[in-house]
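> Chains as they are written, first to last, in my numbering: chain A, 1 to 262; chain B, 263 to 1058; chain C, 1059 to 1219.
Simulated from the structure, these hints should not be mistaken for lab results.
Since the model is a prediction, treat every value here as computed from it, not as a measurement.
Each residue gets a CB set at the ideal place from its N, CA and C atoms; glycine is no exception.
Anything over 12 Å on all C-beta distances counts as not near chain B; from chain A, calculated:
#: 1; residue: Ser45
#: 2; residue: Ser129
#: 3; residue: Ala138
#: 4; residue: Gly145
#: 5; residue: Tyr190
#: 6; residue: Asp192
#: 7; residue: Thr210
#: 8; residue: Asp227
Covered stretches of chain B, going by a simulated chain A footprint (3 or more residues, C-beta under 8 Å):
#: 9; stretch: 974 to 983
#: 10; stretch: 1034 to 1048
Computed list of lysine-lysine pairs in DSBU-like fashion (alpha-carbon distance at most 30 Å, straight line):
#: 11; chain 1: B; residue 1: Lys922; chain 2: A; residue 2: Lys251
#: 12; chain 1: A; residue 1: Lys259; chain 2: B; residue 2: Lys922
#: 13; chain 1: B; residue 1: Lys721; chain 2: A; residue 2: Lys259
#: 14; chain 1: A; residue 1: Lys251; chain 2: B; residue 2: Lys721
#: 15; chain 1: B; residue 1: Lys721; chain 2: A; residue 2: Lys167
#: 16; chain 1: C; residue 1: Lys1178; chain 2: B; residue 2: Lys927
#: 17; chain 1: A; residue 1: Lys167; chain 2: A; residue 2: Lys251
#: 18; chain 1: B; residue 1: Lys718; chain 2: A; residue 2: Lys167
#: 19; chain 1: B; residue 1: Lys511; chain 2: B; residue 2: Lys542
#: 20; chain 1: B; residue 1: Lys1056; chain 2: A; residue 2: Lys251
#: 21; chain 1: B; residue 1: Lys364; chain 2: B; residue 2: Lys541
#: 22; chain 1: A; residue 1: Lys259; chain 2: B; residue 2: Lys927
#: 23; chain 1: A; residue 1: Lys167; chain 2: B; residue 2: Lys922
#: 24; chain 1: A; residue 1: Lys38; chain 2: B; residue 2: Lys318
#: 25; chain 1: B; residue 1: Lys718; chain 2: A; residue 2: Lys259
#: 26; chain 1: B; residue 1: Lys569; chain 2: B; residue 2: Lys448
#: 27; chain 1: A; residue 1: Lys251; chain 2: B; residue 2: Lys1035
#: 28; chain 1: A; residue 1: Lys259; chain 2: B; residue 2: Lys1035
#: 29; chain 1: B; residue 1: Lys718; chain 2: A; residue 2: Lys251
#: 30; chain 1: B; residue 1: Lys718; chain 2: B; residue 2: Lys1035
Chain by chain, the residues run as shown.
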Amino acid sequence: MYNFEMTRPSTIADAVKALKEEDAQALGGGQTLIPTLKQRLAMPSILVSLTAIGEMQGVCMSDAGEVCVGGATTHATVAREATAYPGLAAMAARIGDPAVRNRGTIGGSLANNDPSACYPAAALASGASIITNSREIAADDYFQGMFTTALEEGEVVTEVRFPVPEKSHYEKFVQPASRFALVGVMVAKYADGVRVAVTGASESGVFRWTEAEAALSANFTADALGDLSLDGDGMIADLHGSGAYRAHLVKVMTGRALKAAI
Amino acid sequence: MPKDNTQTDGGIGASTLRREDIRFLTGEGMYTDDIQLQGQTHAVFARSDVANGVIKSIDTSVAAAMPGVLAVFTGADFAEVGGNPAGWLINSRDGEPMKEPKRPVLAHGKVRHVGDAYAAVIAETRAQAMDAVAAIEADIQELPAVINMADAVKGGSLVHDEIETNVCFDWGWIEDNRAATDAAIKAAPHVTTLELVNNRLVPNAMEPRASTADYNKGTGEYTLYTTSQNPHLTRLLISAFVLGIPENKLRVIAPDVGGGFGSKIYHYGEEALVLAASKKLKRPVRWTASRSESFLTDAHGRDHVTKIELACEKDGTFIAFRTETMANVGAYLSNFSTVTPTFLHGTLMAGNYTVPNVYVNVKAVFTNTAPVDAYRGAGRPEATYSIERVIDMTARELGMDPVELRRMNFVKPDQYPYASAAGLEYDSGNYDRQMDKLEAMIDRDGFEARRIESAKNGKLRGLGLNAYIEACGIAPSNLVGILGARVGLYDAATVRVNATGSLAVMVGAHSHGQGHETAFPQIVADMLGIDPESIEIVHGDTAKIPFGMGTYGSRSLAVCGSAMVRATEKIIVKAKKIAAHMLEASDADIELVDGQFTVAGTDKSVSFGEVALKAYIPHQYPIEDIEPGLEETAFYDPANFTYPSGAYACEVEVDPETGKVTIEKFAAADDFGNIINPMIVTGQVHGGIGQGIGQALIEQTSYDSDGQLLSASYMDYAMPRADDMPFYQVNHDDGTPCTHNPLGVKGCGEAGAIGSPPTVVNAVIDALQRGGKNITHIDMPLTPSRVWDAMNAKGV
Amino acid sequence: MAQVSMTVNGKAVSGDVEGRTLLSEFLRIDLNLTGTHIGCDTSQCGACVVHVNGEAVKACTMFAAEADGADVGTIEGQANEDGTLNVIQQAFQDHHGLQCGFCTPGMVMSTASLLKENPKPSVQEIRTYLDGNICRCTGYHNIVKAIMAASGQDVSAIAAE
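Isolated chain A (complex conformation):
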């Protein structure tokens, strides 16, 4: 990889300041960024590590009853500590592998917005709020396509707030090589309706399957999906599966998530 300077600020304010340097880049757990740097696909002048910032660590409950996860919290910590939101904890417990979960962070995952990552589905299905150093962004506004988010240059995800659903489950069908989601579906039932978010499938990145949401909001049972189907057009097609296969899997995984949630 190209060389760079490394800085490890201990406050959000210092991190934001450091990220104002030219070609500065934030470093979360590095589980995606470091392999990218090894391929020389990025050339930052300075890497600003966010993992030493105490105020971005940990899981807690807000007064509004949301599960709040610090932006630099690892997947392992969420798996262990987000007990108030079991669907979220279970999702985090299956990201990557144990060593990856001990380093990878929620903020890193959401900032990268890999189209096959798990966290975007959880955030979108939960209607989470993505809190940055400068504002709060609704999940519905945050995800803007593969590897694209509403984040501005130098903006840091400091916290994510998850409203806790009544019932939820994340079902993942893994791509056999990377073990990322070939298709992953998070179903979350709230008092005001059901949200269904899909990762891994679409060329537009994580998305909400609104037809399924409407059906399930009316009738939260396995039968409710009925004849619903998705079109393979616009779905990712690669050596691991066609668009039609992914579209089909979305429905199968939604059904399985639903069964597990009920």
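Dock chains B and C against the given chain A, drawing on the hints supplied.
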């Protein structure tokens, strides 16, 4: 040599724990990249990012001036030296020799696959070398790439302009049998035809290739530390063909090697480059592949496209096998790329069966892809897959039980030695016995109940059973020479008894996971009646070991182990003479039992240790009759291949909603002849099955039409993980000993990878058929998407 | 260059590193602890797994600078104090859970983490936990068996040898 599976004293038949494990488990293994030399420098290669292109110019001036850069090499620097040769000459059906384009150290004039190295930078640090490689300005004019073999055969774009074709050879086996086979098929009452792909695989030894060269300007000697399965072969190729370094000035050391599976048999250009660079700089030069480089440049495996026909009588009696195969050799001929799809494949096309007619046609095809060569099994998995898949299909067409169809055509135990229609002489076997055992192991009788249980859970359950035979311990040299081999295929061992009675055994085989350091002493200890712990195996260093051919093709025990037996026999003969003198008896009367030399019928004896001491302190010694010292070397050149065989069974569940295949049970009944260390043999079978399941279900090497490798990392090339795998039931008791080597052993390293791919595919097809799907074949790997696509195709 | 200090296998160490120096490089090159192996560049093979502050991490996917002040454990520090194999290492030898040895350090380090979190894992839990550790030699049978044995569970029912 008697087989004794009850042995508990660490001799033949004992599951002795591996002594090499101690260093591997404590992080003290010494792999090539672990070796750091004083003053070492680092090589990094500039590699083509196009599959086919003309090198218009390479400007290295900026790179050469960068910090830490010591030297830059391009193909021009090696234009005058030799190329990396093919180790086996194959003649086409018309008698023409195969096409052999030069494989240079660095690409010169043209690049021929993505990853083809055209320049290298040597710098003080690896990072500096990488920075400088990025600064090399190469003007490479991209040409249309030829990736697909069917396109390549038609011509059009050429991989090597000078040979004016992309077909390396068009081989027939046995050409004289062609007409008879054609006629038999034409007249046959039933013919099954199957077109299939044997998918291309990346070997993926977990240790990436690495080479460090150290030129000593004082002595003019070169030392090459390299990830090799056969250091002498590497030295021979570098000395005789590539760089011309005299063999006596080149020492090749293959230290601990982290897996090979074939990919580390071959000499690669990086080895020559670091040697040349070390000579130029008078400093050590090291190179270690990244995994990305390994994907692009390690020799890949398999990649056959085959049409096979099986002709039989209405009752299922086999009449003929006929195959037409295109075998991808990639952009250059790797060392054994030409023998793999021919003699290691075509000669096995009679399988375990008494079929009278076999004809095999293989076209080897150049493409703009990485070279393809032997990978675990090498040709024999391809043969087994074709045969055992088409037999299952025939059974289905005839409405016969697939096991019964096989049994009625098996070579029977009273038919050995058996001359197969594909030109081999099988020495021993008992295929029915393996199949009997297998059916019990997999509990075939209980299958239907398990199938019903699966169906209740919405899953389709299927069972696949098949036989396999392979030929390994490839030999004899006289025969393979006639068939085109450019090397001998013997092996060698030196047994050195030290003065105090301990032993060093220097062997030509190389251990990179096979456990030779533990298993080989079991044999020598048994023969001499001494403690195996007093015997050390020395391997992997051309300065220490006799000229051996290394480890591949399941040959180490059958060939090198036999050499070790021969050398130990010589030790015993000489030791008896020394003992006879010490005991004032005739050497004909001396018996060696449990490490004691005894005069027959008396209680007069001397110990092995006393004899050893006498050999090195030859006081009161018959110096006129016997030389001092106790050290013997033997070279062993086998009379025939060995023929491991067996029967494999697999039970799968298919999830019809997702197409995902889960392996529920796997059983292997193998015949490896006599067994030295059952624990190690079982481990070898496990590993082979793991790779076979990987090939059958998930491993997929995919190039796009421009020649870009799509599966170029573990993000897209699916390596089997623990949760893809079942526990395996493995049994290799009651083997039929090999009749022609002194240990009665056959090879066991490749069997699992040879026998298992058809087992898995047969099981999946069985599950789909039982599930009411009219699917007769799906090409490997049977990934969820492929199975689902097949299940949801029109008309199924 | 920046100076980093950490504790490795109980010993205080320090060295100068670049920003881009990986923890695996610092261990292998600066400290000559070459038991931590590099088998891939996409953070998947797990041959480089070490413990950082008691947790398994991939040393090839963490910068040395990020380990400043940390307590690092590597394969070289796993044996018992008298040099004999620890329970996990011994189980791997007893059950032939390794062949070429290259993935083995990562397997041992991951197993140590697993058994710390889950002292009596089921077969399925073991297989799932090893998602980030690739072995090409063993087909995993004997690795899983060794881990069962290391956790004090009966392995006699697992297919022979």
